[in-house]
Each structure stands twice: as C-alpha cells, then as structure tokens.
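Start from the sequences, fold in the hints, and give me the full structure.
Those sequence lines, one after another, are chains A and B.
Here the first sequence stands for residues 1 to 110, where the numbers follow this note's numbering.
Here the second sequence stands for residues 1 to 112, where the numbers follow this note's numbering.
FYI, nobody ran anything at the bench for these hints, they're computed from the structure.
Chain B regions said to be covered by chain A (calculated; three or more residues, Cβ under 8 Å):
| hint | segment |
| --- | --- |
| 1 | 34-48 |
| 2 | 100-107 |
Across the chosen pairs, the derived CB separations fall in these ranges:
| hint | chain 1 | residue 1 | chain 2 | residue 2 | range |
| --- | --- | --- | --- | --- | --- |
| 3 | A | Gly16 | B | Gly54 | 46 to 56 Å |
| 4 | B | Ala67 | A | Asp62 | 33 to 43 Å |
| 5 | A | Asp62 | B | Lys2 | 19 to 29 Å |
| 6 | B | Arg66 | A | Gly40 | 21 to 31 Å |
| 7 | B | Ser52 | A | Thr20 | 36 to 46 Å |
Quick caveat, the model's predicted, so the values are computed rather than measured.
Don't be surprised by glycine CBs; every beta carbon is placed ideally from N, CA and C.
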Amino acid sequence: DAGVTQSPTHLIKTRGQQVTLRCSPKSGHDTVSWYQQALGQGPQFIFQYYEEEERQRGNFPDRFSGHQFPNYSSELNVNALLLGDSALYLCASRRDYEQYFGPGTRLTVT
Amino acid sequence: RKEVEQDPGPFNVPEGATVAFNCTYSNSASQSFFWYRQDCRKEPKLLMSVYSSGNEDGRFTAQLNRASQYISLLIRDSKLSDSATYLCVVAKSSGGYNKLIFGAGTRLAVHP
Chain A
1 DAGVTQSPTH LIKTRGQQVT LRCSPKSGHD TVSWYQQALG QGPQFIFQYY
51 EEEERQRGNF PDRFSGHQFP NYSSELNVNA LLLGDSALYL CASRRDYEQY
101 FGPGTRLTVT
Chain B
1 RKEVEQDPGP FNVPEGATVA FNCTYSNSAS QSFFWYRQDC RKEPKLLMSV
51 YSSGNEDGRF TAQLNRASQY ISLLIRDSKL SDSATYLCVV AKSSGGYNKL
101 IFGAGTRLAV HP
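What follows is the structure, given as structure tokens:
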C-alpha cells in the first residue's frame, strides 16, 4: 500500500516565478492538507482540501493556491515566488483520524 | 506569542537516560493533542496521541493538563535511535475540519 507521495522531491526556482507541487494521498484517504516547513521551524498549515474544495486556510497570502482532483490528488501552486518561500512543502492525507505525511518537496528560491 | 511553544533544545543525553519534553499551547479551544517525531530531512510521523488521563506506549509516556494548557512527553531508557526532533501538535476544529498546529520542535540527541 503506497503511502503519501509527492513530486518533485527537489526544485530550484527564481524569484517571481511560479511553481506547482503535486501530492497523491494514501489509498483510501480523501482529505489532503498542505504545510510549509522553514528550516528550524515546525510545519505551518497552508490549507486543506476535501471533496475538491478548500475547507480551511492558514495565514498564507493568495499567492498560495491549490486544487484537489476527483481522485483526491492535490496540487499546491505558488505564484510570484519570494526568497522567503524557500522551504520544505509537506502534503498530508487522512480519512478519519491520523494524518500521514509525504516526504515533502524541498523548494529553493534564488 | 506562538500558539504552540516548545523548548528547542538540543537535549543531549546518554543512552539509558530518561528525558522529558514540555510544551504549552495558547488556545483553550484546542481539541486534540499529539507528539510527532521528525528525523533529519524526513517527514513528521505520529509518535502518539495525548489524552487527558495520560497514556503510555512502551518507553514513551504522554501527559496533558488542560487547565494549565501543558503537554509533556517522557522517554525512558533512551536509545540512540530516539535521536530526532519531537514536535508538539495541537488540533483545532473549525466547521468540522481539523487543522494541526505544530510547535517548532525539540531536538534530542542520544549519545553512547
């Protein structure tokens, strides 16, 4: 049973560019959340998707947007990248109780 | 003030030692509590949930004090493999949807 998968594993972008990160949830999971983890910090909640709709959002600007597809997979889009967007982006999926995290995408903005 | 606060450490302890981590949270509406473990450059993984009555899982014991908004994790007989960052997590529900609020983590290094 595959766990949560994310792609790509690493990414380097330039300030001002746009990026799309992808997540496939664990089999049977219908809820996907995205987190940003800066170096030395805990993960910060970005938003959560269920039934293809954004259900909750953290304190992130509109440059951060997402999407959930009918197969429950999800994308995170970040526009107009800033140096401060450099971080590990984690996707987590759940059905009921426990959240399972993917390995993350490490984004570096130069 | 951060919603979840932890001592960043590092805690450097010898194998076999007992070590305790503390965490405080600011939102009394928080509903669920967890400890996650994160190894270097890896994703967080659930270590254990924390219940008001306290709970134990092998060498790990978690306690919750809702009145003081305080959570603790005790690790007995530390192993080298316990070296990791321990994240204190609280969950808040809004409109029927939970979100996890993470502390910055406490680093533990167990040495021979």
